[in-house]
Each structure stands twice: as structure tokens, then as C-alpha cells.
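Enquirer: Here's the letter readout for the chains.
Protein chains: 2
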Amino acid sequence: MGRKKYLFTPGPTPVPPQVLAALAEPVVHHRSPDFRTIYERCLARLREVCRTEQDVLLFTASGTGAFESAVANLVSPGEPHLVVSAGNFGERWASLATAYGAEVDHLRYAWGETPEPDDVRARLRERGAKAVWVVQSETSTGVVADVQALAAAAKEADALVVVDAVSSLGAVPCETDAWGLDVVVSGSQKALMTPPGLGLCAVSAAALGATGSSPRFYFDWERTRKAQVSLDAAFTPAVSLVAALDVALGLLLEEGLDAAFERHVRLGRAARAGAKAMGLELFSPDEDRSAVVTAIRSPDGIDAGDIVKALRERFDITIAGGQGELRGKIFRLGHIGWFDVFDIATMLAAVELVVSELGADIERGVAVTAALEAYEHSRVA
Amino acid sequence: MGRKKYLFTPGPTPVPPQVLAALAEPVVHHRSPDFRTIYERCLARLREVCRTEQDVLLFTASGTGAFESAVANLVSPGEPHLVVSAGNFGERWASLATAYGAEVDHLRYAWGETPEPDDVRARLRERGAKAVWVVQSETSTGVVADVQALAAAAKEADALVVVDAVSSLGAVPCETDAWGLDVVVSGSQKALMTPPGLGLCAVSAAALGATGSSPRFYFDWERTRKAQVSLDAAFTPAVSLVAALDVALGLLLEEGLDAAFERHVRLGRAARAGAKAMGLELFSPDEDRSAVVTAIRSPDGIDAGDIVKALRERFDITIAGGQGELRGKIFRLGHIGWFDVFDIATMLAAVELVVSELGADIERGVAVTAALEAYEHSRVA
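Read top to bottom, the protein sequences are chains Y and Z.
To get the numbering used here, take the position in the first sequence, counting from 1, and add 5.
To get the numbering used here, take the position in the second sequence, counting from 1, and add 5.
Don't read these hints as lab results, they were simulated from the structure.
Since the model is a prediction, treat every value here as computed from it, not as a measurement.
Do not take every clue at face value.
Repeated chains share a single entry, so a pair holds when one copy, or any two copies, can fit it.
[Claimed, not checked] Straight-line C-alpha distance at most 30 angstroms; calculated DSSO-like pairs for lysine-lysine: (1) K281 - K334; (2) K231 - K314; (3) K334 - K231; (4) K10 - K281.
Given these sequences and hints, build the entire structure.
Expert: What follows is the structure in C-alpha cells.
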């Protein structure tokens, strides 16, 4: 009923009004000069955000669609691939690679664990792999893996490295070229502050040279790459979303990528400090990489789903519950993209009220202050 | 700078302001009750527009992506499939089916010809096919095929029927259930008056029961169908585009499908009457089915590309040139979706001026009146 709505999930994330306004612009034709200008600038900004000189391929699809492009282009039936998983999304990629006939060596951690480069090394010594598939930010658990170290382990065995950076790109450092990442996959609807509908894939020359025999057309890298070089999209792109993404990337680059990374680190610290101050137990690791989503254990005797439901019904605040085996056990506060410390204060204040009303024995009145303090006193630079 | 822009291409098409306004609404989470309400209504409206009781699967993708879902789900390597083509899009579908390993029997007409049901019958008698793939409105030529008759020919041979209705759904009749169409593919950016980014696929029980062995995940019908039944999208959909499509479908159904079909027939008559009145030669057949795009031959000695360019540079009017082998030879006026007769008047007036200035010997001052007369005096009912 006209109440303010708050979107505090780890994707889709809140979209700034300037970006929403771009969505409402009249539609332009995808082969017109009007669109080519936007398209060219948007692709250049994506390369900047991915920190790569190589191609960033843009697909009208969700992040899963862009990820499937990596599988469809790199996997041939019967080939060995090492998939590292520690949560819902890692497991999805194992299923996807299996659907394309990969011989998947699944290095599978319990949900919430952090993948270890030495485990990758050991697996590759044992069985080898054409590519190692890793998740940077496992949205289901809040864990952000050390992609630089995992990539280094893969490189030692001459494997390609494919990174799911869907919920991390633009929020935590992802140095595509400097870390030797062959494929970085992301989507519009997380730190890139745009509605869902665009998926992207930064692709190295080595990856482009290693494509296989799986059937593909819409997600074919070479077709998309050639079309982008001439700014002539292979298929009608979601022009409104591309225009919106272009505006959002402009905002992100105006803030500066390093400043955005620092802000996310500090937001993560603030969220964790507030949760701990009121006596809740973190599920996410309490470390600086965990800057994307804060996962919190539901207090004993309280189903996390009831917290999610109460926040929605009482305040139109949307947060996320646990997925899969964590359903009912954790709830997740997203702070990816267009967030500042007062959003953290709002989510903590509301959680505090609702959790308390559900009967948990927590400390009232300290979380917001703890969060603001943690944010203020934790400048990274 | 600030001039009015006119989008007169056969897709993307102009989007009504009510639909643009929906795009600019704050983003909602795809698993929230807010979105489920929109999603459910949008899917129901799509069934109504497709005139089917069966599932209409919605993908975040272009029309080509939705079409690929049909190929990926129905084609197994080595299977016989009959692809009917008479232009750019038909040929694209032949390439797509070939990419998935189909043994394609390609019934290939010259661009601009109209496919004949008897030719389909003859091919099926000779070689048989698991499915017959046809294009309803061949956007590259303006020809609208008689899908009902083509489908009947396929049914006699027990083949499945897959229809590319990307530029026709909502503009010309497409009776999915009554005509026994197994798969009807369309996109958001044509007669459905929404920006590009959503593809859809109406799928019969027979088609769902005939899926094959090609690898697929994002475009897998069963995964999408199951998710839609519980209103729980398989992957993060383009929520803003779904909300916009819902509004646009509401407008279309408010007008009434039959009224929209009649309007398109009359717009087609008006465009053809105007073009002929000024002395231009039609490339599209001069018949009522040709209600989607009017293709016109460029006058002798004038490159159609120069007409397209002059309209854009002088007036910010975007029309389409010829594709493939028709490049330079024809230009195309789209009148799909949010068009009325004064849009036809505008496009004819501008074409008349520009073609005349390029040196063609045409009659000035008669086209608009001819178009308005043809529209007024051609009520179908």
C-alpha cells in the first residue's frame, strides 16, 4: 500500500533511479547509430570493470545463461573438467557441465566451507582437467573464495580457469588479466546495479582457442565476438537493459572500482559487527573478502523462513533465506551494488525487531551503532 | 537534438509509454509475492495471446534464443527434420538445426516466395521428418505464410510443427491449439510492444513428450515448465521486462486480439495503397496476410540503403533496409504492434520526400490520402 519497499537480497539488487530512468527511454533499434554508441561504450566499460583488455561478450540471458555459454563453448563430451563447489551455485555448475557430457571431477566442499588451492593442486595432479571451474562469491553461503590463489593452482597444471563472478564482479576485486583468468562470468543484477536480463563473459584468447564440439548457436562465443567487433549484435539484444547497464557502469566507474571494493569491505564489516553485537551467530566467515552477502544463523528454535516472512509482511523488506540444505537454518542479507551504511543500519534494525519478536534472546539497541562504528573506523586505505 | 524519433522497423517496435513506465518501477525479487503475481498473470495472458491451453514457456533471451530452445529440446543428432525457408529467418533456423546435428531436409524457396503446403507434403512423403519448421511472418521479405495449411500438411505425415511467430504473434492470427501447432516461438519486441529481451515458446504435450538428447540447461523445457508451474523461475528472469510485458499484454487484450488482427490487416492495406499510389513497386505480396511489414523495391538506380540513411539523418526516422541478398534492393516499413494509421501516414510522407529527393520519378502528394482511404474503407468485419 504505497509503503517503501526494501530489496536487501543478494540479487536482484536495488537499481539507482538514474538507471531506472534509462530503462524508460524510448526503444532504439539495435542496428541504429543511437544504439551503437551506447553498445560500444557499455562494452568498453565492461572491459574496465572486468579489468581485461580482452573481449567481454554480452548475452541477453541470466547469469546462468552466460555461464552456460562457457560450458557450451569449452566442454566437449568425455573431456575432464574440475568443478570446485561449496554451495548451491558451484553445484549448479557441476550439473551444467555434466549435462554437456563433461567427465566432471567434482571437488565438493560442504556448504559454507572455503575452497583450498592445495586441494585443487592435488586433484589436478591426480586426474588433470581441461578447465577448473570456480565460484568467486558463493551467494548461497556468503563465502568469497580466493580466486587469485585458486587460479594460480590451476595455471600450474595448464588448466583453463573459469570463474563465476556473478555476485562479485564490481563488489570485490576480480583481476581478469592480472590473475590469468580465462573466463569470468557475471550478470547485470548484482553489483552492476541493473535489473536482471544481461549476462556477460570475459573470455581470454586461450579460451577462444580452446572451444569444443558441443552444439550451440545463441551462446556461441565466436558468433557473438565477431558481431561485437562490428558493433552489430548477433541477435536482437535487450537494448533497454544495455542502455541501463551503460548508465550503471558509468556510476560505478565514477565512484571508482577501488573505492567500490573498499565500500563493500566496509559494508561487510558493518553488517557482521551489527549482527554479532546483537548476539547473532555468523554463518559467513568473518573476514574482509566476505563483502557481498552476510549469512547469519537463525537463532535456536526459530526457522529462518519465519524471519524472512515477518520482514516482508511487516515492512516490505525482502531478504533471502537459506537455499537447499541451508533452508530454514540461515538468512542472508545482501549488500551488493547500490548500498550504503544506512541500508545496513535499516536491515539490522528490522532484523533485530523481528528476531526479538519471534522470541530470540538478543540484545536490543546496540547493532546499528556497532555497524556505524565498524564502518567509520575501518577505512581500508 | 531533442527531435522526435520514429521507430518504423519490424522489431524492435515502439513501446507504449505505459509499458516504458513499468520498466522504470523499482526492481522486485523474482521469488517474492510481488513478482509471483505479475508472473502468473503474464503467463496466463501469454496463453491467451497464443490461444493455447498448454504451457507457454518464458525465457530471458531474444527470439532466436527461444527458437534455439525448440531445437535443443526437439533435435537429436542424426534425426530428420524438414525446415521450410523463404528468407533470412528460415535460413537461420536451418543453420541452427544443423548446428544441433539434425539431418536437415531444407525446403528452400527464393527470398520473397510463399511456401506451399503441397511442397511440404511431397517432401514428407519422400523423406519424412520428426518435425516441420516453418516461419509465419518472414520479417526479411514481408511474406506471411499460411501456417494453418502448412501445419495441416505436416500433421498428415505425423510430424510435429514448429512455428517461428516472432514477428507475427499478436499481429496476425496464430491459433496454436486449433491449428495443432506443437511449438510457437515468439519474442517480446514485435507485436507484443515490449522491449527486446524475452522469448517465449508455446509447447504442446506432444512436443514435451518428444524431447531428445541434445545437451541443454538454460533452455531446457522441462526445467522451465516445472519452475513455472510453481511460479518459481528456474533462473533469475528479467523481472522488469516481465512486468513490462504484462502491461503490454494487458493493453493488447484490452483492444482484443481480433481487433488487433483487423487493425494490422488494415495497416498493411494502407501501407501498400500508399506505396503504390506514389508509384513504388511492392516486394511484399499485396494480400491481407501481409499485415506485419511492407517491403518495397527501391526505385531503379537508387540504393535502398540511401533511403534508410536519408530518413535517419534528416528526420530520425528508423526503417529497415534489405537483409542478405536483398541488401540495397528493398526497404521495409514495419507496422507491428503499437501502430495506427497516422504512423503509416508519417512513414509514407517521409519516404515520399526522401525518395523524391534521391531522384526517383514518383508522384507527390497522393500517398497519404490513399493510405487513409484504404484504411477507412477496408474494415474487415
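Enquirer: Would you mind marking each hint as holding or not holding in the structure?
Expert: Structure-based check of each hint:
no., hint, result
1, K281 - K334, "within (17 angstroms within a copy, 71 angstroms between copies)"
2, K231 - K314, "between (47 angstroms within a copy, 24 angstroms between copies)"
3, K334 - K231, "between (47 angstroms within a copy, 25 angstroms between copies)"
4, K10 - K281, "within (26 angstroms within a copy, 55 angstroms between copies)"
Consistency note: the structure conflicts with none of the earlier hints.
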